[in-house]
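Q: Sequence:
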Amino acid sequence: MTSSKPQKPHSSMDYSIETILDRLEDDKAVLVTPWGQEIFWPQKDIPPSIELGQTLQLFLAIEKPAVKETAPPSKPEINSLSSKEQNIIAKRVLEELLNGST
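Numbering follows this note's numbering, with no gaps: position 15 of the sequence shown is 15.
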């Protein structure tokens, strides 16, 4: 795939990929990568001047490094539990698997 105006990433933390606007399905535009992967993109976010078969350059930018502590865990980590608590959880999981209960 070639683009008429190749663009370079804005920084060393940016990545890009060329895609082709392959088709429109419902409210989605289907973009195809060079290796055949399909990306479903909101059709409303595709510039109206783009036609089927044209190349689109997608850019990914990392705004800031992800920090694990930014989101509290929804479940306690198993390593933070005592051996007794780990055994209780393991028994409950096994019982659910064996009995088919939820």
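Incorrect hints may have been included.
As the list claims (entries may be wrong) - Straight-line alpha carbon distances no greater than 20 Å define the calculated SDA-like cross-link-like pairs of lysine to any residue that follow:
1. 28 x 45
2. 64 x 81
3. 44 x 84
4. 44 x 59
5. 44 x 32
6. 44 x 34
7. 91 x 56
8. 64 x 15
9. 44 x 64
10. 91 x 59
11. 28 x 58
12. 84 x 64
13. 44 x 22
14. 28 x 64
15. 44 x 21
16. 64 x 16
Claimed, not checked - Simulated restraints, written as ranges between beta carbons of each label pair:
17. 26 x 57: 22 to 30 Å
18. 88 x 32: 14 to 22 Å
19. 58 x 26: 18 to 26 Å
20. 97 x 23: 52 to 60 Å
21. 85 x 54: 53 to 61 Å
22. 48 x 94: 52 to 60 Å
23. 86 x 55: 23 to 31 Å
24. 36 x 81: 40 to 48 Å
25. 64 x 93: 33 to 41 Å
26. 45 x 95: 44 to 52 Å
Hints listed in this document are in silico derivations from the structure and should not be mistaken for laboratory results. Backbone N, C-alpha and C fix where the C-beta goes; we use that ideal spot for every residue, glycine too.
Q: Taking the hints in turn, state whether each one holds.
A: Comparing the hints with the structure gives:
{"no.": "1", "hint": "28 x 45", "result": "9 Å, holds"}
{"no.": "2", "hint": "64 x 81", "result": "32 Å, violated"}
{"no.": "3", "hint": "44 x 84", "result": "54 Å, violated"}
{"no.": "4", "hint": "44 x 59", "result": "18 Å, holds"}
{"no.": "5", "hint": "44 x 32", "result": "17 Å, holds"}
{"no.": "6", "hint": "44 x 34", "result": "23 Å, violated"}
{"no.": "7", "hint": "91 x 56", "result": "53 Å, violated"}
{"no.": "8", "hint": "64 x 15", "result": "14 Å, holds"}
{"no.": "9", "hint": "44 x 64", "result": "27 Å, violated"}
{"no.": "10", "hint": "91 x 59", "result": "47 Å, violated"}
{"no.": "11", "hint": "28 x 58", "result": "16 Å, holds"}
{"no.": "12", "hint": "84 x 64", "result": "40 Å, violated"}
{"no.": "13", "hint": "44 x 22", "result": "15 Å, holds"}
{"no.": "14", "hint": "28 x 64", "result": "29 Å, violated"}
{"no.": "15", "hint": "44 x 21", "result": "13 Å, holds"}
{"no.": "16", "hint": "64 x 16", "result": "17 Å, holds"}
{"no.": "17", "hint": "26 x 57: 22 to 30 Å", "result": "24 Å, holds"}
{"no.": "18", "hint": "88 x 32: 14 to 22 Å", "result": "50 Å, violated"}
{"no.": "19", "hint": "58 x 26: 18 to 26 Å", "result": "20 Å, holds"}
{"no.": "20", "hint": "97 x 23: 52 to 60 Å", "result": "43 Å, violated"}
{"no.": "21", "hint": "85 x 54: 53 to 61 Å", "result": "57 Å, holds"}
{"no.": "22", "hint": "48 x 94: 52 to 60 Å", "result": "57 Å, holds"}
{"no.": "23", "hint": "86 x 55: 23 to 31 Å", "result": "53 Å, violated"}
{"no.": "24", "hint": "36 x 81: 40 to 48 Å", "result": "45 Å, holds"}
{"no.": "25", "hint": "64 x 93: 33 to 41 Å", "result": "37 Å, holds"}
{"no.": "26", "hint": "45 x 95: 44 to 52 Å", "result": "48 Å, holds"}
Comparing the model with each earlier hint shows violations of hints 2, 3, 6, 7, 9, 10, 12, 14, 18, 20, 23; every other hint is respected.
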